[in-house]
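*Asks:* Residues per chain, in single letters:
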Amino acid sequence: MKKSWKLLSVMMVVALFILAGCGNNGNNAGGSNAAAGEGGLAAIKERGKLQVGVKFDTKLFGLKDPSSGQVEGFDIDISKAIAKHILGDENAIELKEVTSKTRIPMLNNGEIDMVVATMTITEERKKEVDFSDVYFQAGQSLLVKKGSPVKGLADITKDSTVLGSKGSTSVKNIKEKVPGVTVLEFDNYQDAFTALKTGKGDALTTDDSILYGMAAQDPNYEVVGEPFTDEPYGIAVQKGNSEVVKAINDTLAELKSSGEYDKIYEKWIGKAPAK
Amino acid sequence: MDFAGAYSADNLKFLLDGLYVTLIVAFTAIILSFLLGCIIGVVRYAKVPVLSQISFVFVELIRNLPLLLIIFFMRFALPEVGIKLGLMTAAIAALTIFEGAMISEIVRGGLTSVDKGQIEAGRSSGLTGVQTLWHIVLPQGLRRMVPPLVSQFISLLKDTSLAVIISLAELMHNAGIIIGHGYNYTIPTLLLVALIYFTVNYLLSVLSKRLETKNA
Amino acid sequence: MQFSILTDYFGTYMEGFRGTILSSLLALAGSFLLGTLIAVFRISTARGLRWFGTGYVEFIRNIPLLLVVYIFYYGPSAFGLSLDGFTAGTIGLTVYTSAFIAEAIRAGIAAVPKGQTEAARSSGLTYVQAMIHVVLPQAIKLVIPPLGNQFINLIKNSSVLTIVAGLDLMYFADIVNSDTFRTFDTYVFVALFYLVLTLPLSYVMRVWERRLQR
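Chains as they are written, first to last, in the numbering used here: chain A, 1 to 275; chain G, 1001 to 1216; chain V, 2001 to 2214.
Chain A on its own, in the form it takes in the complex:
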């Protein structure tokens, strides 16, 4: 008995050293597998199916409808267009659920070929993944219950509580804009919105595009104030996967020149994109 416990402690120490050793041999955790051809254009064509990580809980962009079981939204339509471009069939697509927290790990694990999930292009993220051209221009804003004293960013003070989603840029931004503010982070937007509805915070912050979707879901809530950041959305692929980035950018260019992009935009956002 005693011996086993000694063994346990010894093994834990040894394990730590082994792990430490791994670090010395160059750290490529989270690194890319693109070199191995995973998620590359050839692999996608061979599979005959495009695997895309999209949100399942974000109205207007990617929302799973319980009645039909279908996922629908702006991101889905863009994904279908990419599938059509690469594989010639817009239905040759498999949608997998990602959240802000899980999308980079899932992409780098090679489970999905690309992330089309309201993902802002940032310098930090560029170190982890490669991005396509901007396919949507959003800006961070605030969602509040109608009649709330919060009318914009100026009303958020260090005594306020703001809700957000783990792994999103918005929670970092708000902490920078309002030092000392309490930010509560949830696993996905669904939970964050339920938290707002049940009075856990003064406002929910994320990109206005997502917030408009929530306001459409529940008319007791409204988006207030002007957007206070620029959130250019990009489609992410594994690092070094330039073929796929090119295919995506070609698709986006085609969509824009044919006017198809404007149609998709209007269908979901309800107005023409700003030029």
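Just so you know, these hints were derived from the structure itself, not from any lab.
Treat the hints with care, as some may be off.
[As the list claims (entries may be wrong)] In silico DSSO-like links for lysine-lysine, alpha-carbon gap of 27 angstroms or less:
1. 45(A) / 1084(G)
2. 127(A) / 96(A)
3. 267(A) / 158(A)
4. 1084(G) / 96(A)
5. 2141(V) / 1116(G)
6. 127(A) / 1084(G)
7. 239(A) / 1084(G)
8. 239(A) / 127(A)
9. 96(A) / 1013(G)
10. 49(A) / 1084(G)
11. 80(A) / 267(A)
12. 1084(G) / 126(A)
Once you've looked at the hints, dock chains G and V against the given chain A.
*Replies:* Using the frame of chain A, we list chains G and V on its own:
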């Protein structure tokens, strides 16, 4: 509170879809964790050299970590070192090793509780060690293991709900989606989901009591 | 393995570590009190109390902890109240664990031979006195190992607080992870933090159990 809206036919069907995933994952993990638990339990009981010590370390580490962490780790950390598991596989694997570690302790405890005198009697009447284990220790030990095993299986079924952390579309996850969709669905949905879990688990425990009395 | 994650984010980890310890301790105290009360209900001679106690234990033990936590997190808003994630999570843990502790205490009391109560009663003690002086001291000894195991479970189970933004270890780990993108390393350190709490407890519990078996 909007009971009628929350309990629409579409939502009920969506919850049943979730329950189906919960049951599939739980059932698979129950079988696998029972096998794993038996192997480790017997190894530890029989004090098989080296294997027994390794098992001890494994069991102690796994038992003392949160299952939520193990599920998340299986799904999102292991791929960084080259082990890639799909959504359902990760959930089943995490439940299997966690509950398997728990079950191994139940199995070991059950075997240890069998009277030493009986083992000696078995050995002296010419049975080998393995035969003694199989014919004398196991049948008696198993009977004593049944109640704790059943409550462990119920725990496992409840614990599948932790797979919301990796967005597995099981009962809790689908409940979350319905709550988010409606304007006042929270309490009706939570109540219904509680009732579903309760019913399934209660049936499981009633069923096992039946089995017990039949075998006794 | 990047040990710099541990050193760079040590403050963040520690904030979560404190949350986990605080929540577990509060829930342990709370569930011990609530569990004892429920156990007394269950062995009470009043039928109503007995039914309530049994119903409580059966219901809570058969639903997931996460669901209990959700009920306390989202539920009160229907009545115009709101609990934060830490409070709702800790109450949820308390309610959930109390059902298991009630069972352990009831079993402990039942294990004390009836003859002893009768002997105590016939030597002139009241029922309550017999409980306090004769039955409970013996029952406690039997109850400590399962209580200890429940405490270990509490520490592990407190990780569900992360789902309701309950400021525990897992919650802050997620925040570290969204900064580092190093999932493996980030959560190995989280595991170490949990083991620092649970392994020593687990060791003590095993020693105690062995002593009781002797």
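*Asks:* Which hint numbers does the structure go against, in order from smallest to largest?
*Replies:* 3
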